[in-house]
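Chain residues, written in single-letter form:
2 protein chains.
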Amino acid sequence: MKQIAILGFGTVGGGVADILADSADLIAASVGEPLALKKVLDLRDFPGNRFESLLTKNFEDILDDPDIAIVVECLGGKTFAYDYTKRLLATGKSVITSNKDLVAAYGAELLELAYQNKAHYLFEASVGGGIPIIRPLTHDLKANRIQEIYGILNGTTNYILTGMTDKGSTFEDTLRDAQQLGYAEANPASDVDGKDTANKVSILASLAFGKHVYPTAIPTEGIRSISDEDISLALSKGYHIKLIGRTTLNDDGSVYSYVAPHLVGENNMLSGVNGVFNGIVVRGDQVGDVMFYGRGAGKYPTASAVVADVIDCAKTIDQPQPPLWVDGAAISEGSEQESRWYVRAGETCNASVFGAFDMISASAFITKSMNQHDFIRALDIFKKTNTVVNALRILD
Amino acid sequence: MKQIAILGFGTVGGGVADILADSADLIAASVGEPLALKKVLDLRDFPGNRFESLLTKNFEDILDDPDIAIVVECLGGKTFAYDYTKRLLATGKSVITSNKDLVAAYGAELLELAYQNKAHYLFEASVGGGIPIIRPLTHDLKANRIQEIYGILNGTTNYILTGMTDKGSTFEDTLRDAQQLGYAEANPASDVDGKDTANKVSILASLAFGKHVYPTAIPTEGIRSISDEDISLALSKGYHIKLIGRTTLNDDGSVYSYVAPHLVGENNMLSGVNGVFNGIVVRGDQVGDVMFYGRGAGKYPTASAVVADVIDCAKTIDQPQPPLWVDGAAISEGSEQESRWYVRAGETCNASVFGAFDMISASAFITKSMNQHDFIRALDIFKKTNTVVNALRILD
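Quick mapping for you: the protein sequence lines, in order, are chains A and B. Just so we're aligned, residue 1 is where the first sequence starts under our numbering, counting upward by one. Just so we're aligned, residue 1 is where the second sequence starts under our numbering, counting upward by one.
Just to be clear, a hint being listed does not mean it is correct.
Pairs count within a copy or across copies, as identical chains cannot be separated in the list.
Said to hold, decoys possible - Under the rule of at most 30 angstroms between Cα atoms (straight-line distance), these lysine-lysine pairs were calculated in the BS3-like manner:
#1 Lys167 - Lys38
#2 Lys237 - Lys167
#3 Lys78 - Lys315
#4 Lys57 - Lys2
#5 Lys299 - Lys195
#6 Lys2 - Lys384
Hints in this document: simulated from the structure, not taken from any laboratory.
Bound conformation, chain A alone (with noise of 0.2 angstroms):
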């Protein structure tokens, strides 16, 4: 029977206790033996929980204990999280994790670490929730050289656009909104300006082309600028305005990474991604495009990810893997990426410049297709003639 510590008693920490505990039986019939929660770590009390004898303050309490041989890591952040990984790695234990900052700050080295150690490190629940992406990549396409991969990531900003789209409401009023029916956190900045998203593509993009794409790497937009007046002129077009991630791999192996809104047309399956949901868009050079799309969060869906972890974990224990990705990418600033962009000025204007145009209202625009650099150029050109309100990328 193989013993089990989960870190922090959180929302995702107390859901990956109550399926190991409620599906216990399942899991067993799983691994081939019982997976025993043995010890959570929290310090806070918890009195009359269930799990509450199980319950320490004291990290060393899981550390010290030679029985616990696979530590959930639900904490968050980057502080205790990093610190307590990396010494459980070296001490041979396995952690599982649905920490996206912290695989996208340190993979490399946790992976390596672990490697190093007969250990696993794995971290399904970090993108998607309880979609299936990781594995999917890590097996399923293996026998594909993956060229790309885009989608909704967070469902938060997708709840927020959706909500303007639906009822015409600007991005404050929607925002209100989602923070009191808790789908936004009272600060939503990690969410709203995309650095949640820039997690999830650092670690998709890390573990498609094999070396460690930082998040600083990946240039950032939220959608704090998006207005309902963006959201009525795109709609008149067939276009749905979503938060995308994405990555790419150019042909001479650098790797294009970014996050930022686009004006998504009808017949992309990302504009049918509505509300909370995600979807994520792999293209792969034999299988073409696959989408995986479901809740993207969500207390339940992220632990059964956790969960499903633990079960390869405990199932391939002798087994560890070398580290899925090493430090080392060649990052591109994407200025050979095309695409056709929407444009709106803060007044009426001539759009001249971008060559073919199609005017969708006196001060709105979409170009031509055009690759990021000539794009760009041509904007800094009508910068000089017109304030420009927002520039988006369009995704047929």
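Position chain B against the provided structure of chain A, taking the given hints into account.
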């Protein structure tokens, strides 16, 4: 270096040979050692083909070759494929297949035979072509009790229904177009009568619920009865007609599976799955709904899924898994299954026997939600005074 053989040098078998050769570096890096294609069985000659020197017409050349550890079966059908697969597994060779007919008909037997002989029997490519679905079900969603799986599982019928919807043309005309473009076979029976979908439902149900659900236990209705009039009546209420395969687990442990055309509502992600694409929705008790989407067929998408299984098999060749399912499923007739229904009569009709309903033309209506038993009872009464042209379930 592990050696591979391929049975059947048709579309998928040829694609597998190409990927094994052209992505040899990628595959070797993934497995940890190179894989070599040693023999290819086909009764035809392929003069000048780059794999010509590997071709044999004699199955025993492969069966008796002790160096061949993994055999890819791309013969199709249930005659030679069944005999050869059994003989290979009996000698302890692992078999990878895309042959849905064979897995649906003999999966329980072949999985048990593989396990007894410490071999693998893998079939990711049998459902959804290159879309990852088998391994996500058996690994990523392992912490979930699967409650239901439904989806668009056949690209040919979806191409025809999408064509009828977009162009307003008849079934016969659209089928002819599809045949000319190579999206439908000269004898389209297996696709348009729903048998191909039923085989895929059989595999998904067996996997999800652990007991073999044979295609003979799956009531199957194809799309020949769908007329352009049905399509346009459905569209007038925002529905797209799609051929859906579906399996659900009842509270008593019995399984209800069927294949039939449905009216799919605009808010269901499947309504956006068009042309030759497939979409598969899995409902788990923890994760809720997740969807997998992509091209459900095609040479390289399907071959890439076969090769992913080859890689997985080569990496874990010494760790055969217990059978994914066994015999003994309890089959339900689905009389408790609830849905609203679309009914079209051959004449102006009165639908009062169905209780609350919504007339959408003088001869067509949508019922309230009712269970199948009650619906069929009402339909029998209705038939005493009316001709029923079509009766289809609604999926919102």
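A quick look at each hint next to the structure:
{"no.": "1", "hint": "Lys167 - Lys38", "verdict": "neither (48 angstroms within a copy, 62 angstroms between copies)"}
{"no.": "2", "hint": "Lys237 - Lys167", "verdict": "both (18 angstroms within a copy, 22 angstroms between copies)"}
{"no.": "3", "hint": "Lys78 - Lys315", "verdict": "within (29 angstroms within a copy, 34 angstroms between copies)"}
{"no.": "4", "hint": "Lys57 - Lys2", "verdict": "within (22 angstroms within a copy, 50 angstroms between copies)"}
{"no.": "5", "hint": "Lys299 - Lys195", "verdict": "within (21 angstroms within a copy, 39 angstroms between copies)"}
{"no.": "6", "hint": "Lys2 - Lys384", "verdict": "neither (67 angstroms within a copy, 65 angstroms between copies)"}
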